[in-house]
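S.K.: Chains as they are written, first to last, in the numbering used here: chain A, 1 to 326; chain B, 1 to 326; chain C, 1 to 260; chain D, 1 to 260.
Since the hints were derived computationally from the structure, they do not count as laboratory data.
Idealized CB from N, CA, C, for every residue including glycine.
Keep in mind that the hints are not guaranteed to be accurate.
[To be verified] Covered stretches of chain D (in silico footprint by chain A; criterion: 3 or more residues with CB under 8 Å from a CB of chain A, positions within the stretch not fixed):
hint	region
1	118-129
2	174-185
[Claimed, not checked] Capping the alpha-carbon separation at 25 Å, the derived lysine to any residue pairs in SDA-like fashion look like this:
hint	chain 1	residue 1	chain 2	residue 2
3	A	K164	C	A171
4	D	K257	B	R273
5	C	K42	B	K216
6	B	K164	D	N170
7	A	K71	A	C295
8	D	K257	B	L275
9	B	K272	B	K296
10	A	K217	D	S150
11	B	K22	A	S171
12	A	K174	B	P169
13	B	K15	A	C295
14	B	K312	D	P62
15	C	K42	A	G320
16	B	K26	C	E21
17	C	K123	A	E282
18	B	K33	B	R273
19	A	K23	D	K185
20	B	K22	C	K185
21	C	K257	A	G109
22	B	K216	C	D22
23	A	K33	A	T228
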Amino acid sequence: MDTIGELLGYEDPDKMRGFFRKKSKKLENKIKKLPDAVSEFVAESDYMAIGGFGLVRIPTAFLHEVIKQQKKVATCAFFTSNYDTDLVLINGMMKSVDMSYGIALEALGSPKVLRKYFENGGIKVTEWSNGALAWRYKAAAMGLSFLPVRSMLGTDTERYSAAKEIICPFSGKKYLAVPALYPDIAVIHVHEADMYGNAHIKGVLVADVDIAKAAKKVIITTERMVDTEYFRNNPQNTTIPFYLVDAVVEIPYGSYPAEMPYEYLFDIDYFKRFLQAAESDETFDRFIKENIYECKDFYEFISLNGGVERIKELRNLELGLKGSSL
Amino acid sequence: MDTIGELLGYEDPDKMRGFFRKKSKKLENKIKKLPDAVSEFVAESDYMAIGGFGLVRIPTAFLHEVIKQQKKVATCAFFTSNYDTDLVLINGMMKSVDMSYGIALEALGSPKVLRKYFENGGIKVTEWSNGALAWRYKAAAMGLSFLPVRSMLGTDTERYSAAKEIICPFSGKKYLAVPALYPDIAVIHVHEADMYGNAHIKGVLVADVDIAKAAKKVIITTERMVDTEYFRNNPQNTTIPFYLVDAVVEIPYGSYPAEMPYEYLFDIDYFKRFLQAAESDETFDRFIKENIYECKDFYEFISLNGGVERIKELRNLELGLKGSSL
Amino acid sequence: MNEKYYNEMELMICAAARIFEDGVSVSVGTGVPCAAVMLSQKLYAPNILILFEAGGIAPLLPSMPISVGDKNTMYKALQTTSVSDAMEMNQRGLVDYCFLGGAQIDMYGNLNSTIIGSHDNPKVRFPGSGGANDFASSAWRTIIVSPHSSRRFTNNIDFITTPGYLKGPNAREEAGLPQGTGPYKIITNLAVMNFDNDERRMALESVHPGVSIDDVVKNTGFELLIDEHIKQTEPPGEDELKILRNEVDPYRVVIGKKAQ
Amino acid sequence: MNEKYYNEMELMICAAARIFEDGVSVSVGTGVPCAAVMLSQKLYAPNILILFEAGGIAPLLPSMPISVGDKNTMYKALQTTSVSDAMEMNQRGLVDYCFLGGAQIDMYGNLNSTIIGSHDNPKVRFPGSGGANDFASSAWRTIIVSPHSSRRFTNNIDFITTPGYLKGPNAREEAGLPQGTGPYKIITNLAVMNFDNDERRMALESVHPGVSIDDVVKNTGFELLIDEHIKQTEPPGEDELKILRNEVDPYRVVIGKKAQ
């Protein structure tokens with residue numbers, strides 16, 4: 001089957017080797033303030049990869065700042081993306097995206113005004129499965145220009161992808177070769193990080209280790225800073241090693257209103273308000289204005305939505321401390 | 001370049017899918033005694049994969065028992081193998097092996113009598129690099145019949161391997177496709193395991209996670225048993241999950257005379273005695289007889305070599321408690 | 001028929017829960033599939049191995065997850081790993097069942113969850129494959145849950161997001177998909193369907209209590225294979241409903257919804 | 001020359017240690033390479049990133065490892081990971097240098113560590129590639145340490161275990177190896193050599209104190225490129241020797257051995 005999707009985020013592996021060669025491998029202080037991290041690292045033509053999955057461990061604070069600064073990211077992987085990629089759409093410059101799942105908060109519903117971006121033909125979509133996008137990141141992470149996989153074969157998902165069929169020289173079987181995906185920038189929210197960028201993630205890892213290896217620039221946002229001894233004393237704590245990372249931003253509650261596993265649950269009420277606002281352009285614009293543009297920082301946004309009291313409730317729900325109803 | 005090495009340990013991926021389908025996914029008590037684990041699980045025609053690396057975290061107790069029972073394993077991957085594969089050679093039925101590194105204890109020297117197995121032409125060798133063997137296990141672990149890699153190209157290591165060159169459909173670059181490696185049996189020594197086979201490894205993982213996924217039968221030997229809550233309370237402790245595992249054998253000091261990271265150092269004096277004995281067939285036969293055949297169990301072997309006092313010394317050396325000289 | 005003491009969603013969940021043999025492995029998402037697997041675990045298959053694509057393996061699932069990586073999917077799990085690891089477990093042949101929905105389905109069990117209309121200018125844009133295509137490619141058996149209407153059950157599907165038997169016998173194997181895999185059962189608010197082994201076409205297996213074969217035919221946009229002995233779907237038992245309502249979904253997150 | 005206040009091994013280690021710029025990454029094994037990198041870290045390149053193929057990343061290396069996965073390779077490391085992860089870091093282009101030895105080497109820097117004689121019936125069987133082939137394929141620059149003799153430096157090598165420039169200019173790229181990689185320097189007990197950029201052939205860079213160009217030529221089994229201005233290798237400095245003997249290798253595990 002010939003495929004007709006646009007190939008996005010791919011680079012020649014030798015060119016990328018040359019790029020990675022130049023990245024600093026020194027133990028350097030990479031701590032940045034949130035506004036500086038966004039203004040220094042996010043470029044208008046970037047392909048952005050976002051860590052986390054669904055309503056879990058997404059780098060909300062960073063993405064809100066991207067909106068505030070009106071950075072017009074060029075494209076993005078919609079990889080079981082919900083609120084995160086919705087946000088990236090808002091600045092409205094995307095023309096092409098890689099999509100395995102997007103514009104829906106899973107069972108909670110779909111933001112109507114953002115779905116319109118797709119339904120009016122303004123965005124060209126290259127289709128993938130979640131596995132295919134995870135494997136595209138993994139190909140790049142392994143230093144390969146492709147990986148053979150056994151998904152997508154025979155479907156329109158294959159046809160509208162940018163994959164290519166190949167034959168295994170041992171089994172003679174047909175495989176789909178998915179191309180490496182090298183995002184220009186990756187943003188990943190973690191539980192702990194040190195000043196050099198060593199980072200620890202608890203719970204499901206999604207594709208974040210491979211994304212950090214695949215991306216040209218890697219920004220870590222973290223619930224809290226820890227000393228490097230935290231990693232040196234137990235090197236298995238290092239989910240993402242320092243030499244992959246360009247900047248570290250400390251943002252407690254930085255994933256709110258999404259869940260941070262073992263820390264705080266997602267705020268389902270916020271997401272319901274978000275979906276309701278997304279029923280019309282007018283209500284949505286007002287919602288984004290109030291919750292993002294007019295908030296002087298991320299903590300004003302949290303305050304607006306119940307503040308530290310709400311975070312405490314979400315922490316109790318996450319830890320099952322008070323007979324959580326979720 | 002055409003390759004001329006014998007293809008070992010490869011299976012059709014669909015055939016292996018059928019095999020893995022039939023493996024039990026139940027939480028069942030898999031605890032076995034060492035002699036039973038060897039007699040029930042090791043078959044004469046087996047391709048055996050051995051966990052650990054060099055002088056570190058190898059399943060010595062299991063391998064000594066394989067010798068004692070004179071199980072004639074058919075082949076093996078020599079994957080930075082030292083004492084471990086040396087042992088597997090002793091029963092003397094191997095005709096073909098996959099080799100990236102073997103018959104040498106790194107800087108300590110090479111066991112002369114075992115090198116002779118290779119130098120008299122009795123063993124046919126398919127050559128690989130360490131990366132290639134690690135990736136062969138990984139291909140199987142990913143459910144693929146091959147992985148593209150950028151090693152071995154242009155060398156005699158490639159020529160005497162069983163790999164095949166392919167072209168990346170995106171970059172047009174030449175890659176080497178390494179075939180999946182599905183060992184019949186894998187033996188991996190770990191720090192902690194529960195009765196179901198969930199296992200935790202501390203320190204470097206070598207290729208053991210991929211080996212456990214690639215192998216048809218997986219035997220875990222463990223320094224100590226733990227309750228399943230150890231894993232349920234922190235699922236990141238699970239290095240190897242239960243559903244891959246066929247048997248669990250508790251053997252404290254089961255890696256001795258090799259190192260168990262964070263537990264005890266390798267016994268360099270033992271290895272020097274081993275190498276010295278390996279200078280002639282006569283001394284070697286006597287050494288193996290004393291240390292393996294005539295020992296009623298693994299603890300008699302340890303007793304013979306300094307017993308619990310020696311283990312204490314090695315623990316102090318490992319933990320740096322008494323000004324280690326290593 | 002008596003007044004029904006259960007709703008359509010409850011019936012679908014119970015019918016699905018009975019499929020699983022003890023000790024099988026299942027890739028699930030949120031919603032109906034998760035409720036069915038939880039019910040099965042409590043009643044029929046205590047050793048069922050549940051996995052979520054975000055990386056949660058064998059959690060104890062105290063309550064219904066809302067997002068495929070949320071805390072319930074890793075609560076007391078036996079491992080927390082990655083998307084690629086979970087998908088590779090499917091690709092290796094370790095996963096017996098997966099459990100999917102879709103906006104459209106054709107007679108070969110192909111699913112559309114991408115678009116209505118043309119790809120370049122869609123009338124409706126759905127979320128896309130997510131993990132569905134991977135699961136249906138590599139898990140041994142695909143179970144599909146769907147509301148039953150001729151709009152949804154149609155051979156004019158706008159986009160094959162997720163493979164059923166594609167164009168019929170051998171088409172999966174010719175496309176390169178793993179041997180011996182494919183759709184197994186479809187559970188709707190009207191009936192249970194399966195697939196004919198030779199033709200790979202959808203066949204009626206049982207109709208739900210109070211539903212006629214004709215109801216099913218009228219609501220299916222293509223010809224269903226129907227043999228002489230069509231049974232009635234076993235209605236939910238008392239035990240099933242008690243556990244479903246009290247333990248699996250006490251907040252009626254799933255069973256409180258309409259099936260359509 | 002004065003009586004030498006250092007031995008050949010110490011000279012080789014010091015010459016190698018001076019190669020690394022601060023902040024580079026190096027794949028190393030045990031022995032001379034590790035001693036050189038440790039010395040470099042203490043004197044010249046405090047930010048050097050050291051990795052071991054068994055999975056130890058950025059350890060503090062309190063003393064010389066004996067096995068590539070032993071406790072020293074993970075002591076206070078910043079990560080403990082796997083062989084494939086370490087090799088993929090090389091394959092991605094993140095590793096500036098690797099550091100190898102071999103039983104034979106030819107004028108293109110190809111290395112043999114597999115056999116002497118024929119492959120089917122070897123006279124001597126060596127351990128094999130280990131990680132050497134992977135490192136030399138993917139790290140940007142390969143450094144080789146070897147005793148110097150015409151038996152070892154020969155164009156009649158019995159087996160190319162590990163790629164140098166293969167058959168000369170462009171041969172690596174044509175074989176499919178990553179662009180811009182290859183042997184960089186060779187350090188022996190007699191001299192330091194490098195590679196001509198056009199011909200990809202081994203060229204003499206400097207001779208060690210007390211060694212003549214003729215000594216090097218006599219001990220090399222192929223023609224070396226030798227230009228007019230061959231310098232003398234800088235002998236070990238006082239600082240270098242002090243740190244090497246007191247801190248890097250106090251038990252003389254490496255420096256107590258002979259270079260040949």
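S.K.: Which hint numbers does the structure go against, in order from smallest to largest?
M.R.: As far as the earlier hints go, 1, 5, 10, 13 and 18 are violated by this structure, in ascending order.
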